[in-house]
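Please model the complete structure; the sequences and the hints are all you need to start from.
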Amino acid sequence: MDQLIADDQLIARVAAADSVALEALYMRHQKRIFGFIARIVRDEAVAEELTNEVFVDVWKHAGGYEGRSTATTWLLSIAHNRAISALRKRREEPWDDEKAASLPDEADDSEVALQKADKSRLLRRCIDALATDYREIVDLVYFHELSISEASAVLGIPEGTVKTRLFNARKRLSELLKKLGVDRGWP
Amino acid sequence: MNEETTAKREEIEKLLPFYVTGRLDHADAEQVRDYLERHPDVAKELDLVHAERDSAADANAIYENRPVRSFDRVAAMIGKPAAQPARHADRGRDWMDRIKRLFAVPSSPAFGLLGAAAAIVIILQAATIGALVVAHYTGIYTGASGGNGAVDAGTTVFVRFAEDATTAAIADTLSGLGIRVVDGPRGGRLFTVRLGPKDMGGGERERLIAALKARSDVVVFVAQMP
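Protein chains in written order, with the working numbering: chain W, 1 to 187; chain G, 1 to 226.
By construction, these hints were calculated from the structure, which means they are not laboratory data.
Here the structure is a predicted model, which is why all the values come from computation and not from measurement.
Heads up, some of the hints might be wrong.
Cβ-to-Cβ under 8 Å is the rule here; a few derived chain G residues that face chain W [stated by the list, open to error]:
#1 Thr21
#2 Glu52
#3 Arg53
#4 Phe71
#5 Lys80
#6 Glu163
The beta carbon of each residue, even a glycine, is placed where N, CA and C say it ideally should be.
Encoded structure:
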């Protein structure tokens, strides 16, 4: 039955302290939220806990949801804030993307990989090696298929910055691929 | 390429990912389409964007087959038991199982003091509340007494119960005042309760409302019917 209920309606019920509605939202969105967070924090156990905290935030703040963005966008924005906050608390060394991108593939040495011209796999490795803010915008636009305004809402940045950040992320991908011997001919 | 041309090209390139995912508004999509028709060199970039999109999907795919996690942890964090959605055929039985489990555990100190007669009242009252809750979530509830559509006529008020109030405590409070649930919950734990007959005296009505409000551990608020 709950599958017929729109997310907005579920959130309204959550705002009225309806835990069954929260459970329905959780079952519907947990996988997406977990994946999004895990890609940022790179730790599944941490992502699991943060995902739970996202839904606790939903429980606490559902009354503030005004429906100006989609429920998915709202959930992703909470997830973004949780994940970035957790990263800051960990105070980890920034991800060394150049080093990561140059790591040899487990199955092949770099020469063999290049000979196979497996650009797709190399591209994926380079996406994984991007700095957090670049990787996040790539995931939001390509995987979660957010519009410019939705990505702006999730990240809390202007729409122009969304476009520029993704553009720079794509340029960075070209640079990383070039280091691995793949010239995409762009930019 | 002059500065204006370069700026225009970059503007279009910034839109390409959204063009490929179909998330541009109509005007922007038209603008990109027109530009690509006139600039085949930029159109070739679409292949790169498609490749990026496919690789991003691959990178995220590792989480797609992850088993769905239980709600139990979140339920514990918010202090609510996870619901066990009733199957249509077993709706009543599932709920009664939950009621049995509820009463198998001494849920409140007050419960231990109740006599057998009071316990029966509590179970009946709890079952009523339970039936209302189940019916509410499955969208079939239409009335207060067994879903016959007849909301009890009489003097009624809205009551919201405290989130941590046990079913036993709620039942104890209501039965002690001779009040019964006739509808709900609406919007969570908001119930309609019947104080007495329609022509009950104003003094008695106010006394019962005051008594409900006095049980602040069980009742969050009492609101008069519109």
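Cross-check of the supplied hints:
1. Thr21: Thr21(G) check passes; min Cβ-Cβ to chain W is 5 Å, inside 8 Å.
2. Glu52: Since the shortest Cβ distance to chain W is 6 Å, the answer is holds.
3. Arg53: 4 Å, holds
4. Phe71: With a minimum Cβ separation of about 5 Å from chain W (threshold 8 Å), the hint on Phe71(G) holds.
5. Lys80: The hint holds - Lys80(G) has a Cβ within 8 Å of chain W, the shortest such distance being about 4 Å.
6. Glu163: 6 Å, holds
Hint compliance for this structure: every hint is met.
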